[in-house]
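> Quick note: the sequence shown uses the working numbering, first residue -1, plus one each step.
No wet-lab data here; the hints were simulated from the structure. Even glycine gets a Cβ: it sits at the ideal position worked out from N, Cα and C. Please note that the accuracy of each hint is not assured.
[Unchecked claim] Result set (EDC-like, lysine to aspartate or glutamate): computed pairs, CA atoms no more than 16 Å apart in a straight line:
(1) Lys39 / Glu4
(2) Lys39 / Glu11
(3) Lys15 / Asp69
(4) Lys39 / Asp16
[Stated by the list, open to error] Here are the in silico distance ranges between beta carbons for each label pair:
(5) Leu73 / Glu23: 18 to 24 Å
(6) Thr26 / Thr92: 23 to 29 Å
(7) Arg95 / Asn14: 16 to 22 Å
(8) Glu77 / Asp24: 16 to 22 Å
(9) Thr51 / Asn97: 19 to 25 Å
(10) Asn1 / Leu67: 21 to 27 Å
(11) Gly72 / Asp6: 27 to 33 Å
(12) Asn97 / Arg27: 31 to 37 Å
(13) Glu4 / Glu77: 32 to 38 Å
(14) Leu10 / Ile54: 18 to 24 Å
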Amino acid sequence: MKNLNEIDGKILEVGNKDYRVNLVEDLTRDSDDLGQCCYRKSYISIEARLVDTPEIMLEVVIHEIQHALNDRFGLDKIEDEEQFTNQLAIAWATIIRRNR
């Protein structure tokens, strides 16, 4: 996968569980979330318009994968799981961008 816009429909294995990634038009229609992770149905949704802003899309994709990891490994019990996830996603995105 050379570009993040190729992630649509991909299956990612996260902690021995498969998650399907979907680019979704108007995901932000009902909330401000640019991405969502559904643990029960094992999918990750990403706002489709983020294809035009790859740096933000990278952070959102990593953010949602981190939520899946948190769920699989019991890290969702952390007091402020959303802040923890966001900081890790930004850190990973920075590492990836700087080491292409």
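> Hints numbered earlier in the text: which of these fail when held up against the supplied structure?
Going through the list in order, the structure violates hints 1, 5, 7, 8 and respects the others.
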